[in-house]
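Asker: Each chain, written out:
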Amino acid sequence: AQSVTQLGSHVSVSEGALVLLRCNYSSSVPPYLFWYVQYPNQGLQLLLKYTSAATLVKGINGFEAEFKKSETSFHLTKPSAHMSDAAEYFCAVSVSGGYNKLIFGAGTRLAVHP
Amino acid sequence: GAVVSQHPSRVICKSGTSVKIECRSLDFQATTMFWYRQFPKQSLMLMATSNEGSKATYEQGVEKDKFLINHASLTLSTLTVTSAHPEDSSFYICSAIDRDSSYEQYFGPGTRLTVT
Numbered sequence: 025a026q027s028v029t030q031l032g033s034h035v036s037v038s039e040g041a042l043v044l045l046r047c048n049y050s051s052s053v054p055p056y057l058f059w060y061v062q063y064p065n066q067g068l069q070l071l072l073k074y075t076s077a078a079t080l081v082k083g084i085n086g087f088e089a090e091f092k093k094s095e096t097s098f099h100l101t102k103p104s105a106h107m108s109d110a111a112e113y114f115c116a117v118s119v120s121g122g123y124n125k126l127i128f129g130a131g132t133r134l135a136v137h138p
Numbered sequence: 294g295a296v297v298s299q300h301p302s303r304v305i306c307k308s309g310t311s312v313k314i315e316c317r318s319l320d321f322q323a324t325t326m327f328w329y330r331q332f333p334k335q336s337l338m339l340m341a342t343s344n345e346g347s348k349a350t351y352e353q354g355v356e357k358d359k360f361l362i363n364h365a366s367l368t369l370s371t372l373t374v375t376s377a378h379p380e381d382s383s384f385y386i387c388s389a390i391d392r393d394s395s396y397e398q399y400f401g402p403g404t405r406l407t408v409t
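These protein sequences, in sequence, are chains D and X. Counting in the numbering used here, the first sequence tops out at residue 138, every number present. Counting in the numbering used here, the second sequence tops out at residue 409, every number present.
Isolated chain X, as found in the complex (with noise of 0.2 Å):
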């Protein structure tokens, strides 16, 4: 089946670094990603959708200068969170279409940031 990873599954960084988050999808071809955040015991927010050659598109409330998204290939999305502070720690969720599957959406691990 289609699996997406990401990586790293946990990182812990000091207030004022950037951190960069890898969204792959490993045996199929993504031309949409989008990327979640999750606060404990919450449900998703999506933060932006991720457009493979072409800039993202974020949704209303997120920062698109401290959170930047980069989907430079067919199966390959970033997310760096730029400047972080510690209330950017949180569980962020990517997740891939596979144009060739009905376009179902497929979900990553999740990446647990800790800002420090």
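Just chain D, with the same shape it has in the complex (with noise of 0.2 Å):
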């Protein structure tokens, strides 16, 4: 069965500074990996996806994440974190390795101060 694991409910950065959230995840098959993004009272935006392609995936917004299949782990980052960057981040899992339904990790609140 697939899971996620994201490591870090809360992380705090400050302006201009390196952001890692952290996520690993568990499968069966080879998974496809999503990083989405949401912000108070709304829907996900996807910020990328690895399906199986170039390992180093880039984003919207300056976010990049990369799949190591020997560590099971698919970080996001992004090299300057700018206060709009404040959100909640959740990692997901396809469950049958393409585009089907979703598991979700529990999220990683992400703040930024000045």
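Treat the hints as calculated values from the structure; they're not laboratory data. Any given hint could turn out to be false.
Label pairs and their computed distance ranges (CB to CB) [said to hold, decoys possible]:
hint, chain 1, residue 1, chain 2, residue 2, range
1, D, His137, X, Glu315, 38 to 44 Å
2, X, Glu352, D, Leu44, 43 to 49 Å
3, D, Leu80, X, Lys357, 28 to 34 Å
4, D, Thr101, X, Thr373, 19 to 25 Å
5, D, Ser27, X, Lys357, 32 to 38 Å
6, X, Gln322, D, Ser27, 27 to 33 Å
Ideal Cβ positions, reconstructed from N, Cα and C, are used throughout, including at glycine.
With the hints in hand, could you dock these two chains into one complex?
Answerer: Put into structure tokens, the structure is as follows:
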């Protein structure tokens, strides 16, 4: 069965600092992995996705993530945090290894302070 | 880009009544839609998979008679919360798969349900 673990329910960084949000997955099939961002009282917006092509995936708003099979990880990074990056971030894995129903991690709330 | 809408965005209903939430794919056809529930400061929990023209598939622990799902067309799925109770208060989010775009999943903006 697929599962996702996000380490750190809250992450706080200074504006301009590196953002690192951790995600580890478990999957019995080659996974499709996703990072979504959610602003208060809104739905989810796709940041980026890994679909078995390049292991380094670039997304919107300067975010990127690297798929590391040996570590079963898909950590999200951004070189320089912006105040507008403050939001809830969810890592997700596709149940069937394709674009199917998703299993979400618990989420990480990112705070950016001046 | 693909857009999914939900209506209403917020609804308050009295305990014991039913409320319907609509999920629409505005510019694509969606043979499959998903319904999620999100409690405050928690993650999304999949409730059911809605397939156009067939019965929904519910996740374990979700009461199908309480959460009625109808996917009558390729652009519309509805979730009806029947005999609502305060514990049904939550944020409900739908998503839709664009069958013509690599089967990518798009999320609606969510519906905040408050049962008094």
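Asker: Would you mind marking each hint as holding or not holding in the structure?
Answerer: Status of the hints after comparison with the structure:
{"no.": "1", "hint": "D:His137 - X:Glu315: 38 to 44 Å", "verdict": "holds (39 Å)"}
{"no.": "2", "hint": "X:Glu352 - D:Leu44: 43 to 49 Å", "verdict": "violated (32 Å)"}
{"no.": "3", "hint": "D:Leu80 - X:Lys357: 28 to 34 Å", "verdict": "violated (42 Å)"}
{"no.": "4", "hint": "D:Thr101 - X:Thr373: 19 to 25 Å", "verdict": "violated (42 Å)"}
{"no.": "5", "hint": "D:Ser27 - X:Lys357: 32 to 38 Å", "verdict": "violated (25 Å)"}
{"no.": "6", "hint": "X:Gln322 - D:Ser27: 27 to 33 Å", "verdict": "holds (31 Å)"}
When held up to the earlier numbered hints, the structure conflicts with 2, 3, 4 and 5 and fits the remainder.
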